[in-house]
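Asker: Going letter by letter, the sequence shown gives residues 600 to 901 in the numbering used here.
Rather than coming from a laboratory, the hints here were simulated on the basis of the structure.
You may find that some hints are simply not true.
Claimed, not checked - Okay, derived cross-link-like pairs now, DMTMM-like style, lysine to aspartate or glutamate, Cα gap no bigger than 20 Å in a straight line:
id : residue 1 : residue 2
1  : Lys744    : Asp776
2  : Lys674    : Glu662
3  : Lys826    : Glu852
4  : Lys820    : Glu860
5  : Lys674    : Asp661
6  : Lys865    : Glu852
7  : Lys729    : Asp755
8  : Lys618    : Asp654
9  : Lys670    : Glu626
10 : Lys674    : Glu664
11 : Lys722    : Asp695
12 : Lys729    : Asp758
13 : Lys652    : Glu664
14 : Lys674    : Asp695
15 : Lys726    : Asp755
16 : Lys804    : Glu604
17 : Lys663    : Glu626
18 : Lys864    : Glu852
19 : Lys820    : Glu861
20 : Lys744    : Glu711
21 : Lys674    : Glu626
22 : Lys674    : Glu707
23 : Lys618    : Glu604
24 : Lys652    : Glu662
25 : Lys820    : Glu791
26 : Lys820    : Glu832
27 : Lys820    : Asp858
28 : Lys870    : Glu860
29 : Lys864    : Asp875
30 : Lys865    : Glu840
31 : Lys674    : Glu627
32 : Lys663    : Glu604
33 : Lys618    : Glu808
34 : Lys820    : Glu840
35 : Lys859    : Asp833
36 : Lys674    : Glu702
37 : Lys663    : Glu627
Claimed, not checked - Restraint-style ranges between C-beta atoms, simulated for each label pair:
id : residue 1 : residue 2 : range
38 : Ser849    : Thr621    : 46 to 56 Å
39 : Gln714    : Gly792    : 24 to 34 Å
40 : Phe610    : Leu828    : 52 to 62 Å
Heads up, the beta-carbon is just placed ideally off N, CA and C, and yes, glycines get one too.
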Amino acid sequence: MIRSENLTKTFGREATALKNLTCEIGEESIYGLIGSNGAGKSTFLRLIAGIYKPDSGHLYYDEKEIYGNEKLRQKIILVPDQPCFLPGESLSGMADFFSRIYEHFSQEFFQELCQIFPIDLHKRLDKMSKGMQRQAYLILALSSKPRLLLLDEAFDGLDPVMRENLRRLIAREVVTDGMSCVIASHNLRELEGFCDHIALLHEGKLVYEHELESMDLGVFKLQTAFKQLPSREDLATLGLELLHYERRGSILELVIRGDKEEIQKKLAADKPLILDMLPLTLEELFIYVLEGKDYVVKSLIS
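Work out the full structure: start from the sequences and follow the hints.
Answerer: What follows is the structure, encoded as C-alpha cells:
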C-alpha cells in the first residue's frame with residue numbers, strides 16, 4: 600500500500616530528518632515505527648499524510664504519489680502528537696467539521712466511540728487535558744473510516760484502560776474494514792504483542808525492519824546449569840555463536856544464534872543439569888540481534 604523510495608526530507612541546511620528511506624507498508628497491517636526523539640518518526644508520518652513534500656525520493660500510496668493528491672488524502676488521517684482543533688470548538692462541532700471533509704465519516708461509529716471514550720460532547724476541547732484532547736482526536740479520526748490511520752505517540756496521555764480500548768478498536772478496524780495503521784512510538788513495550796511489523800528508525804535511517812508473525816531469526820534464549828560452568832571461550836570452542844552470556848550464581852543465561860536442534864545437541868554433550876529454552880521478548884531480540892546498534896534499542900526500553 601505505502602512504498603517509499605530513497606525518501607529524504609531536510610529542514611534548513613543542516614537538519615536532515617530522513618535520509619534515503621526505503622520501505623514498504625502492506626495492506627491490513629499494524630506497522631510499528633520505533634525511534635528515539637528526533638529519529639524522524641513524525642516527519643515520516645507527515646510525509647505519508649501528504650503534509651510535507653519530500654525533498655527527494657518518492658512516496659506512493661497504491662502506486663500513486665501522495666503529495667498534492669487530495670483524493671488520496673481522503674483515505675489517510677494523521678493523529679498528531681499534539682492535536683489541533685478549531686478555536687473554541689467542542690467535540691460535537693469538530694465531528695460536524697470532519698463529516699464535511701471526510702466522505703466516509705460514520706455518525707453511528709462516532710456515537711459508539713463516544714461511549715467507549717467518555718468525553719463531554721459540548722465542552723470546549725481547548726479546556727481539556729492533553730489526554731482528553733488525544734482521545735477526542737482519536738474518536739474523530741476513527742469515525743472518518745480511513746484506509747490508513749497514522750498515529751504519532753498515540754498512547755501518550757491515555758490510561759491503561761483507554762490504551763487497551765484503542766488497541767482493540769484498531770485491531771477490529773483492520774480485521775473488519777481492511778484498515779492499515781502506522782504507529783510511531785519511542786517506547787518498544789507499548790507496541791509489543793500488538794503490531795505485525797516493527798521497524799527501527801535512527802537518525803533518519805531505517806536500521807531494522809521485520810514481520811513479527813514470521814520472526815524466526817534463529818536466535819534462542821537458554822537457561823543452563825552445569826557441575827562446572829563453561830566460560831565464554833569454552834562455548835566458542837563448541838562452535839556456538841554467542842550473543843549474550845550472563846552468570847547468575849550456578850545458572851547461565853545464554854542467547855545463541857544458530858539452528859535450535861544443533862545448539863541443544865552441542866550443549867547436551869557437556870551433560871548440563873538444566874537446559875531450558877526460554878521465550879525471547881521483542882526488546883531482547885532487538886538488543887541481541889542488532890548487536891552494534893543495541894545502544895539504540897536500550898534507549899527505547901529504559
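Asker: For every hint, state whether the structure bears it out.
Answerer: Quick rundown of the hints versus the structure:
The straight-line distance between the Cα atoms of Lys744 and Asp776 is roughly 9 Å, inside the 20 Å bound, and the hint therefore holds. Between the alpha carbons of Lys674 and Glu662 the distance comes to roughly 14 Å, so the proposed pair stays at or under 20 Å and holds. Taking the CA atoms of Lys826 and Glu852, the gap is near 15 Å; set against the 20 Å cutoff, the hint holds. Taking the CA atoms of Lys820 and Glu860, the gap is about 13 Å. The hint holds against a cut of 20 Å.
This hinted pair checks out: Lys674 and Asp661 have alpha carbons roughly 11 Å apart, not beyond 20 Å. Restraint check: the Cα-Cα separation between Lys865 and Glu852 comes to about 16 Å, which is no more than 20 Å; the hinted pair holds. For the hint linking Lys729 to Asp755, the alpha-carbon distance of about 9 Å falls within 20 Å, and the restraint holds. For the suggested pair Lys618 and Asp654, the alpha carbons sit about 10 Å apart, so the restraint of at most 20 Å is met.
The straight-line distance between the Cα atoms of Lys670 and Glu626 is roughly 18 Å, inside the 20 Å bound, and the hint therefore holds. Proposed proximity of Lys674 and Glu664 is supported: the alpha carbons are some 13 Å apart, at most 20 Å. A C-alpha spacing of about 15 Å is found between Lys722 and Asp695, which places the hinted pair at or below 20 Å, so the restraint holds. Our distance criterion of 20 Å between C-alpha atoms is met by Lys729 and Asp758, whose separation comes to about 12 Å.
This hinted pair checks out: Lys652 and Glu664 have alpha carbons roughly 11 Å apart, not beyond 20 Å. With a C-alpha separation of about 18 Å, the suggested pair Lys674 and Asp695 falls inside the 20 Å cut-off, and the hint holds. Between Lys726 and Asp755, the direct Cα distance comes to roughly 18 Å. Compliance with the 20 Å bound is thereby established for this hinted pair. Restraint check for Lys804 and Glu604: the C-alpha separation of about 12 Å stays at or below 20 Å, so the hint holds.
The hinted pair formed by Lys663 and Glu626 meets the criterion: a straight-line CA distance of about 15 Å does not exceed 20 Å. Distance check on the hinted pair: Lys864 and Glu852 sit about 17 Å apart at the alpha-carbon level, within 20 Å; holds. Among the hinted pairs, Lys820 with Glu861 is consistent with the structure: their alpha-carbon atoms are about 14 Å apart, no more than 20 Å. For the proposed pair Lys744 and Glu711, the alpha carbon gap of about 13 Å is at most 20 Å, so the pair holds.
Taking the CA atoms of Lys674 and Glu626, the gap is about 13 Å. The hint holds against a cut of 20 Å. Taking the CA atoms of Lys674 and Glu707, the gap is about 19 Å. The hint holds against a cut of 20 Å. Proposed proximity of Lys618 and Glu604 is supported: the alpha carbons are some 11 Å apart, at most 20 Å. With a CA separation close to 17 Å, the supplied pair Lys652 and Glu662 stays within the 20 Å bound.
Pair hint Lys820 plus Glu791 holds up; C-alpha atoms about 18 Å apart against a cutoff of 20 Å. Restraint check: the Cα-Cα separation between Lys820 and Glu832 comes to about 18 Å, which is no more than 20 Å; the hinted pair holds. Our distance criterion of 20 Å between C-alpha atoms is met by Lys820 and Asp858, whose separation comes to about 12 Å. Using a Cα cut-off of 20 Å, the hinted pair Lys870 and Glu860 holds, with the two alpha carbons roughly 15 Å apart.
Taking the CA atoms of Lys864 and Asp875, the gap is about 13 Å. The hint holds against a cut of 20 Å. A C-alpha spacing of about 12 Å is found between Lys865 and Glu840, which places the hinted pair at or below 20 Å, so the restraint holds. Pair hint Lys674 plus Glu627 holds up; C-alpha atoms about 14 Å apart against a cutoff of 20 Å. As the CA atoms of Lys663 and Glu604 are separated by approximately 13 Å, the hinted pair is consistent with the 20 Å bound.
The suggested pairing of Lys618 with Glu808 holds, with an alpha-carbon distance near 16 Å, which does not exceed 20 Å. This hinted pair checks out: Lys820 and Glu840 have alpha carbons roughly 12 Å apart, not beyond 20 Å. Proposed proximity of Lys859 and Asp833 is supported: the alpha carbons are some 19 Å apart, at most 20 Å. In summary, the hint linking Lys674 to Glu702 is supported, as the alpha carbons are separated by about 10 Å, within the 20 Å threshold.
Distance restraint check for Lys663 and Glu627: the Cα-Cα separation of roughly 18 Å lies within the 20 Å cut-off, and the hinted pair is therefore satisfied. Taken as a hint, the range 46 to 56 Å holds for the pair Ser849 and Thr621, whose Cβ atoms sit roughly 48 Å apart. Distance hint check: the CB atoms of Gln714 and Gly792 are about 26 Å apart, consistent with the given range 24 to 34 Å. Taking 52 to 62 Å as the suggested C-beta distance range, the pair Phe610 and Leu828 conforms, at roughly 53 Å.
In summary, the structure agrees with every hint in the numbered list given earlier.
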